[in-house]
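A.B. asks: As a plain string of letters, each chain reads:
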Amino acid sequence: MTPKARELETLALAMFAAVPLYFTQAILAPPLIAFHVVMLGIAARVAMGKGPELIPAAVMRAFAVAYMFFYVIDAAAISRNAIAASTHLILFIAAYQPIESVRTRNQSQRLLTTSLLFLASIATATHILILPFVVAFTFLMFRQLMHISHDESVRSIDYTAARELPAGRAAAFYLCGTTLVGMLLFPLLPRVRNPLLPGVGGGLTNASTGLSESIDFSQPRSSTGDAGVVTRVWMSQDAIPFFTPLRLRGALYDRFGKNEWRQGRREFLPMEVRNGAATIARPSGFTRRAIIQQRFIVGTRLFLPVGTYEVAGLPQVVEAPTRDIFMTWQTRGDLVNYDVRIAREIRPLRQRPVAVSNYPVTPPVALMARQIAGDATTADQAARRIEAHLATKFTYVADPATIGRRSMTVDDFLLNERRGHCEYFAAGMVALLTSLNIPARIVGGFYGGQLNPLTGYFVIRRQDAHAWVEVWTGDSWETFDPTPVSLRPGNTQQGLLRVYASALGDSITYFWDRYILTFGLGDQVALAIELITRTRSAMERLRSGAAASMREVLSIRFLMIVTALIALGFLAVWLMHARRPTSALLTEHLRRLGINVSDAMTMEEALARLRIENPDAADALQPLIAMYEEERFSNRHDASLASAIRRALRELRA
Amino acid sequence: MPADTFTFNGVVRLTRVGTGFVLFTIVIGFAAINTGNNSLYIGLTFMLGALLLSGIASKGGLKHLVIEFSSVDEAWAGRAAEGRLRIANDSRIWNVRDVIVVAQELAHPVFVPVVPRRGKVDVDVQFLFAHRGRVELRQVDLYTRYPFGFFLKKRRMRISGEVIVFPRLLEGDGSRDRFAPVEGELSSANRIGHGTDVHSFRDYVRGDSLRHVYWKKSASLGRWIMKQTELDAGRAVHVVVDPYKPRDVADDEFEQMVSEAATFIHDSIAQGVDVVLTMPRISLRSSAGDASRALFRALALLEASREPVEQTLERGALLFSVRRIDDAKSA
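These protein sequences, in sequence, are chains A and B.
Each residue of the first sequence is one higher than the last, beginning at 1276 in the working numbering.
Each residue of the second sequence is one higher than the last, beginning at 3 in the working numbering.
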């Protein structure tokens, strides 16, 4: 590799190290773009055979002095964040160093700066794509380190004829080795909290969500096409027919005002945790267990499947911020794993007063509700009729803009337009039930999901966000969904190949999320427990098997064979001991005399040291060392010398 | 010597780059533990892996190197001698690159770009010996920073080899002129005959033809005496080196004498003159090819004698000695 190519690679490495920052948004884009523009300019100059001084070095030095003051201003007033300001500073240094390299040799400092950029990039990244980034970066870093090591070696002896080091294959070799070592080390590194500064850092909060704080019909609303995974739910095969399609509850909208449905707030109510599980409802009928991996997208709110009555595996479960919605406490990471138990029907733990929503029902809506409900006598009957009516007589439109209306009221939806998306259907049903004095509320959450045929779990994505209705039937809230079934999220048809490709990708992401990103102290403890348990059971099996075998084979003949084998073993050990090389014997003898012969020490050096500490012993050993030297380094092989050394050593020991 | 800048006692030393890397690893480790961020743990494991592998590679690489003294051309004291070392890598895994070989007998450290796994390389080196005589090569130090330059790893190795270092040749023309063969000694043009007339007698020298043995005199003296013809005598210079070193003569003076003799012989041979070198219990004659080496080898191994040694000084022979002139006459 020519010096020009190497310089270009160094510049490319620095630019590459900063790329993830665009995606993690740890800093704003303008400084990043400025950095890459400057670095590309420098790279272009280098590629054309010019020096890297895109900006004169004197000007850059002046900038560097000025930046010391700017850093404080940046941290205090512009970024208002020390980490972001520090990242800006590193970007500046990374751009400054190639220009400064004309004057001083700073290759290793440049690599250090690039490593800091790499640190900033990976510290804020959670996507699996960070893994190939780390691998590629490590490969290029190894190449650069090998070149620096080579240069240092050559320079240390003023060697001039050295060729450039071919580092590509070697870097790939060491990358493979490092990856293997890394894979072994990753689960073993201690995941303990820092006792001095607990919780300084934490998981990243996400900017967007499928669930909004309120449903404001005055604003244009449309569903998101984001395929980001929100939750994975695994349940046994026998549970799937009874608990699918999945509905994960995330928000309850039960207060209306100014054409907007809002969530009614409540105080935090900690749920009692017994034996690691928090009971949140009373089950009824068929129950099963499900395992959930969830990404926090609205604070630390839990998206529990409809029918959940018990949550296990979380340190604490709190009913908040609204009634019948739950959250947990987790200061680190944006992923959480827990178990739930679900039942076909659940009832509240405690009876609470349930009120009809405050939607201002107009006479036309009330008339419509009465017409649809007809002679229904129970809330359940009325709700079923309204649900069926909306699902069959109304039209689903994903984006109201397509019908020429960016927004409309619920009354408009029910009485005039009769077209809308799931929130209109849910709000319309609640409005109709309110007119009949039946308590009802809108539920925001996720619906359906996709079964991963490779792993057997359901994947629920942001694009599966949905709204439906819960109706109070006298002793429990019952779920109704007026949105036409075929038009609910997650019901699009895909080809088999696409399904499997998607499943494979999702399986990899799941592995990444579950076993890499969220791997923690609990997993380490579980791993250790499993290891101990397996070892114990193996030992137990071995012991019981051995006891049975002993009874069978404990005979004179068997004992004779064992005795013979032991004798042979001893004989082999004795022979190995007796046939040890003379160097080992001398080393052992010297060690007895208090001289440790290291790899880098010759016998003569050891003898010289012994002479200082124990002249008599050195005099006795000197002829043996001379014999050893002759035996070891002369051209002719003389077995008698080795024998003589062994004999003499035995005499010395005696 | 540049090697002084990096040689050290011990086995391993952390380099400047290595120190920076270790500090950076500690920073990442602290950040990972502090935040519980598994992305940082991934970076940390890669860095620890690189450190670990670097240590194993440099140790494992050097551990499997075997170095042998292969050969050396004519070695003269004070002059660089071209030689060769053979380095073999027994490892099945590691290629070892950027190895620096340092030894007391080497003129300067030697850089070996690569020793492939299960491979051998022959390295041309320059030896520099200060003194004539038999020199035993005992040990070399191998250094490497490979692969990443975090550690400078050292391994001291025993090697076995022996080099006969010829005496130092005098450089100045002045000292050479003193002993330059005179015109008459080099030419036989003023001699009568064609190598058949008897010029003188001398002791047998290994390499002499038995046809020239003077049997009559040999029988009377009890040793072989050779008959020299005029032509033979004219083409040969007889050099006698006296190993006696009186107590009051310094070692350097004796060595200077040996160097002068060696320089004279070297120059004579270079001018196509045969040289007969006589020392106690040995008499050697230079002829074509490697035979001249034997002369220098004898001079290289010449040891000073505490006692005067009797030697026959024939007519026309050139004596090299550190004795005082009076002592020499009496001897």
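No wet-lab data here; the hints were simulated from the structure.
Treat the hints with care, since some could be wrong.
Stated by the list, open to error - No farther apart than 16 angstroms at their CA atoms in a straight line, the calculated lysine to aspartate or glutamate pairs in the EDC-like style are these:
| # | chain 1 | residue 1 | chain 2 | residue 2 |
| --- | --- | --- | --- | --- |
| 1 | B | Lys-65 | B | Glu-138 |
| 2 | B | Lys-61 | B | Glu-84 |
| 3 | B | Lys-229 | B | Glu-316 |
| 4 | B | Lys-61 | B | Glu-164 |
| 5 | B | Lys-61 | A | Asp-1874 |
| 6 | B | Lys-65 | A | Asp-1874 |
To be verified - Short derived list, chain B residues pointing at chain A, Cβ under 10 angstroms:
| # | residue |
| --- | --- |
| 7 | Thr-17 |
| 8 | Val-112 |
| 9 | Tyr-148 |
| 10 | Ala-221 |
| 11 | Gly-224 |
| 12 | Ala-300 |
Note that CB positions come from ideal geometry on N, CA and C, so glycine has one too.
A.B. asks: What hint numbers does the structure not satisfy?
C.D. replies: Numbers 1, 2, 4, 10, 11 and 12 - these are the hints that the structure violates, sorted from lowest upward.
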